[in-house]
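Given the structure of chain P, go ahead and fit chain V onto it with the hints provided.
Residue numbers (the working numbering), protein chains in the order written: chain P, 1 to 289; chain V, 1001 to 1158.
Hints were generated in silico from the structure; no laboratory data involved. Misleading hints may appear alongside valid ones.
[Unchecked claim] Partial pick of chain V residues on the chain P-facing surface, computed with a CB cut under 8 Å:
1. 1035
2. 1045
3. 1065
Cβ coordinates follow ideal geometry from the N, Cα and C atoms, glycine included.
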Amino acid sequence: MHPFTYQRPSTLDEAVRLLDEHGPAARIIAGGTDLMLGLRDYSTQPDVVVDLKRVPELEPAIRQLDGRLSISSGTVMADIEVHPVVLQHFHPLAEAAAVVGSVQIRNRATLAGNICNASPAADTAPPLLVYDATVVAHGPNGPRRIPIDEFFVRSRQTTLRRGELVTAIELPHPPRATAGAYLRITRRRGTDLASVTLCCTVDEAGITRIAFGSVGPRPLAFTDSSGVLADPEGSETTRRAILEPMLSAAAPSARSVRASPEYRLAMLRVLAERAVGRAIERLIGGSGT
Amino acid sequence: MTHRLPIELTLNGRPQRVDVEVHHTLLEVLRDQLGLTGSKECCLVGECGACTVIVDGRSVNSCLMLAVEADGHEVRTVESLARAGDLNELQRAFLDKGATQCGFCIPGQLMSAEALLEHNPDPTVEEIHEALAGNLCRCAGYEQITEAVLAAAEALRR
Chain P
1 MHPFTYQRPS TLDEAVRLLD EHGPAARIIA GGTDLMLGLR DYSTQPDVVV DLKRVPELEP
61 AIRQLDGRLS ISSGTVMADI EVHPVVLQHF HPLAEAAAVV GSVQIRNRAT LAGNICNASP
121 AADTAPPLLV YDATVVAHGP NGPRRIPIDE FFVRSRQTTL RRGELVTAIE LPHPPRATAG
181 AYLRITRRRG TDLASVTLCC TVDEAGITRI AFGSVGPRPL AFTDSSGVLA DPEGSETTRR
241 AILEPMLSAA APSARSVRAS PEYRLAMLRV LAERAVGRAI ERLIGGSGT
Chain V
1001 MTHRLPIELT LNGRPQRVDV EVHHTLLEVL RDQLGLTGSK ECCLVGECGA CTVIVDGRSV
1061 NSCLMLAVEA DGHEVRTVES LARAGDLNEL QRAFLDKGAT QCGFCIPGQL MSAEALLEHN
1121 PDPTVEEIHE ALAGNLCRCA GYEQITEAVL AAAEALRR
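Bound-form chain V, shown alone:
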C-alpha cells in the first residue's frame, strides 16, 4: 500500500525532489508544497486553463495530472518565464497590449502561448485562437491577448 511516493522532476530548469501523496495533483504539489502559486486553481475539470503548465514541452492542465505522473519529467510553470526579474517578451507584450486585466487567467494564458510559440514561431490569428481555446478569460480580454501573442511572436522573430 503506497500512499506517498518520492518523485524527481526537472522544475523550471532545476532538479527537484519531493515526497507527494499519490492522490494529489501536480497543481496541488506546485502550489501547496513547492510554493509556486503562479499556476491557479479554478475549475479543476480541465475547462478553464488557469492551471496550465508545460510538461516536456507541451501545455497541460496541471489539475488533471497527478503529481506522481510528473516523476522523471520536465515541468515549467509561469515562474520560469521571467529571467533575473526581467519579464520575457511574451509577458512584456501582455502588459504592452493591455491583455492583463484582473490577471487571474494570465499565468495559464502565458503558458499556453509560450508552448505555442516554441512550436510555431509565426502563428496565425486562427492558430493562436486554437492554441488558447482551453484558456478562459472572464474579463474577456481575448482580443488583447491575441494581439499580445502576435506581438511577442514578431518580437521573438526579430
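Only chain P is shown next, with the shape it has when bound in the complex:
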C-alpha cells in the first residue's frame, strides 16, 4: 500500500488548515471504503491522509433543522437507511443508502464520501438531486453552501475548492406531499456498482423530478412541470414523449467493464418508466409525505 503520513485533527479549523496547506497532496479519510482501494492500487498517492473522525462537528448525526434535514458528513449509510425521518420523508435516499456495497461497507461508508468521490454510479446522487439537496462545505473562508446540482463535475471531480471539506448535506422538506422511488441495475445483488441508477419523485401538484447516473460523466437531474408524467392515467406514449428529451442527455462510456452503452440506454428507459409508475403508486397509496 502507498505509504503516507497520518493526521487526525480535533477541530474543524485544524482540518481545513491541513487540507489547505497540502492541497491535492492531502486526501480525506472518513469511512475509507473508496480511499483504501486507491491507496492499495496506487491510483491515489497522497503525502498526507487526514482523518476527520475526531472533528466534533462532523460526528455522525441526522438532525431536523428549520424546514430541512441535516445529515452530518460523518454519518454512515447504515444509519441513513434505517433513520425514521429519512424513511418517511426522503424514502428514495433510504433505498439508495440501503443498496450501497454490503452491510460491512455501509457500516463505514459515509454519505459525504459517496458524493465527494463523485462516482457517476454513486447511489445516493440521484435522490440528493431530486430533493434539491445542499452540500454544506467549510473552508479557509468559512462555510459555503453548494446546491448539489452544482457540486458534481465528473468522476472524482467536484466543485469543492482547495482546503474545503463537506460538513453536512441538507435536504429541504418538500413543500407538498411527495413520493418517490430509487431503482438501479447491477450485474448481481450486493457489493456491485450500478450500471444505471435512477430516482424519481412526483408531488401532489403534478411536478415530477427525475435524476439518473452511471450513464455519463456525472449524474443529471430534470423536472417535468407539465403534469404529464405525474398523471396516473397518462399513456405510455405521452410519458415517453416527456421522458425522451431527458433521457437523451445520457452518454454512457463505451469503456466500462460493467455494461455496454446500448444496454445502459435501454435499461435507463425501463428504469425511468418503472420509477415514475412506482412514485405515482406511492403518492396515491399515501406512503409518501
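Leaving out everything else, chain V in the frame of chain P:
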C-alpha cells in the same frame, strides 16, 4: 512526519496497546503483529468479507480500515467467539449444519452473522441473506450457512 503511532483498543474484551505503521490496515496488524490469524486476507477490496471483524458492534471489512482508525475503539475478531475452548452457539450451528466446507470464508461469515444476531435475534431468511451478502463462499455453502444462522438464532432465543 508521523509514520508510526501507538494505538489503544479493546481487542476481544481486553485492553490492547500496539505501535502501528499508519498505512497498515487493521487486518495486517491483527494478523501480523497480534497473531490473530482467524481474520483472513483475501480480496483486499471489501468484496469478499473474509476479513470481517466487529468494530463497536458493527461488522466491517478490516482490510478497508487503517489500524490507526481502531484507536480508542472496541474490536472483536472470530477468536472472541469460543469461550474457554467451547464453541459458541453460532459456531456449533455452522458445524451441525455442514456450513463449514473449506473453511476459509467462515471466520468472516461468523462475524457477520454474530453482528446480525446481536442486533436482530430473530432474523428472516431474507435478512440473513442481506446481512451476509458481503461474505462470499467459493464452496457455495450458502444454503447451509443460512440454515446455521437460523438454527443458532433459534437456540439463542430459547
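Tested hints:
no. : hint : result
1   : 1035 : 21 Å, violated
2   : 1045 : 6 Å, holds
3   : 1065 : 6 Å, holds
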